[in-house]
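K.L.:
Generate coordinates for the entire structure from the input sequences, incorporating the hints supplied.
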Amino acid sequence: MGEIDLGRVKSYLLTLQDEICSSLETLEPLAHFQEDRWDYDRGRGGGRTRVIADGETFEKGGVNFSHVLGSQLPAAATAHRPELAGRRFQAVGVSLVLHPRNPYAPTSHANVRFFLAEKEGAEPVWWFGGGFDLTPYYPFLEDVVHWHQTARKACEPFGSDVYPRFKQWCDDYFFLKHRAETRGVGGLFFDDLNEWGFEQSFEFMRSVGDHYIPAYLPILEKRKDLPFGERERDFQAHRRGRYVEFNLIYDRGTLFGLQSGGRTESILMSLPPIAKWGYDWKPRKNSPEAELYQYLRPRNWLGQD
0 MGEIDLGRVK
10 SYLLTLQDEI
20 CSSLETLEPL
30 AHFQEDRWDY
40 DRGRGGGRTR
50 VIADGETFEK
60 GGVNFSHVLG
70 SQLPAAATAH
80 RPELAGRRFQ
90 AVGVSLVLHP
100 RNPYAPTSHA
110 NVRFFLAEKE
120 GAEPVWWFGG
130 GFDLTPYYPF
140 LEDVVHWHQT
150 ARKACEPFGS
160 DVYPRFKQWC
170 DDYFFLKHRA
180 ETRGVGGLFF
190 DDLNEWGFEQ
200 SFEFMRSVGD
210 HYIPAYLPIL
220 EKRKDLPFGE
230 RERDFQAHRR
240 GRYVEFNLIY
250 DRGTLFGLQS
260 GGRTESILMS
270 LPPIAKWGYD
280 WKPRKNSPEA
290 ELYQYLRPRN
300 WLGQD
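Be aware that the sequence shown starts at 0, since it is given in numbering that gives the first Met the number 0, and climbs by one per residue.
Calculated from the structure, these hints are not laboratory results. If you're wondering where the values come from, they're calculated on a predicted model, not measured in any experiment. Where is the CB? At the ideal position from N, CA and C, for every residue including glycine. Any given hint could be a false lead.
Quick list of the computed label-pair ranges, beta carbon to beta carbon [stated by the list, open to error]:
#  : residue 1 : residue 2 : range
1  : Gln148    : Gly120    : 46 to 56 Å
2  : Glu82     : Gln167    : 24 to 34 Å
3  : Tyr278    : Ile3      : 49 to 59 Å
4  : Arg251    : Ala179    : 13 to 23 Å
5  : Ser70     : Tyr249    : 23 to 33 Å
6  : Phe139    : Pro163    : 37 to 47 Å
7  : Pro272    : Asp224    : 13 to 23 Å
8  : Glu117    : Arg230    : 50 to 60 Å
9  : Tyr249    : Asn299    : 46 to 56 Å
10 : Gln167    : Glu2      : 44 to 54 Å
11 : Glu2      : Glu34     : 28 to 38 Å
Okay, derived cross-link-like pairs now, EDC-like style, lysine to aspartate or glutamate, Cα gap no bigger than 20 Å in a straight line [said to hold, decoys possible]:
#  : residue 1 : residue 2
12 : Lys281    : Glu244
13 : Lys9      : Asp209
14 : Lys223    : Asp233
15 : Lys275    : Asp53
16 : Lys223    : Glu141
17 : Lys176    : Asp279
18 : Lys221    : Glu55
19 : Lys281    : Glu229
20 : Lys284    : Glu231
21 : Lys9      : Glu229
22 : Lys118    : Glu2
P.N.:
And the structure:
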């Protein structure tokens with residue numbers, strides 16, 4: 000199974016945060032990531048919050064590293080793993096959300112994390128989780144295909160069944176049940192990963208983390224400077240409202256952070272700076288905005304390969 004080494008995981012995640020921030024800043028002429036280091040009292044962990052705002056490319060974004068400790072796992076973690084109730088835990092992870100200014104550039108999210116749950120007289124329980132997903136407002140098929148091709152490439156060394164399995168999990172997880180639509184066009188999602196042993200599971204988490212920038216940056220480069228007007232911005236704000244709904248109602252990471260006493264500002268940095276809700280709001284029929292809804296359902300995006 001391999002020896003559990005939380006220190007190696009933490010070192011990788013800190014480096015990943017640095018590399019992602021550096022890559023993203025190459026596309027932002029006006030703003031830079033501002034770092035806020037935080038520490039809990041009473042030995043409950045800490046982290047590095049990095050936020051970028053009011054830029055030419057990024058209206059708002061955050062790339063966070065956290066190392067959280069606690070005497071028992073919160074309900075968000077034990078709801079689907081009741082056997083873990085009462086264990087002390089450590090969780091390390093990098094989580095990011097980027098909201099570009101241009102409505103033609105998609106919002107993106109990524110997260111990679113490691114959990115270790117322990118108690119006296121019992122074997123430690125550990126697992127990896129994470130993934131990345133894309134939320135376009137005006138989708139371009141070539142972008143969605145590129146996103147999923149890169150996701151598949153991250154999975155290929157680990158077996159031909161891995162991408163389809165974690166792609167399906169992503170479709171199922173990032174689904175707004177009350178709207179009967181997906182949050183976006185999916186990507187990868189995995190959790191509770193330990194059946195491969197520590198070394199291979201850690202290697203897979205690294206592969207997912209390392210493929211995020213190759214998946215997202217080419218899309219951002221192509222779309223960030225397209226001309227847009229108030230109509231596009233209004234549609235973007237309404238669709239961002241759906242993003243808020245998912246994060247506050249369904250997202251396990253948000254619930255885990257708040258229930259474990261995490262830093263509220265760092266947890267809610269995923270929310271967009273501007274969002275709208277209109278009563279029974281719908282885009283005009285046969286409009287460019289209405290085309291998005293053809294994308295908000297699970298699909299085999301690589302079927303044309």
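K.L.:
Please flag the earlier hints that this structure goes against, numbers listed from lowest up.
P.N.:
Result: hints 6, 9, 10 and 21 break, sorted rising.
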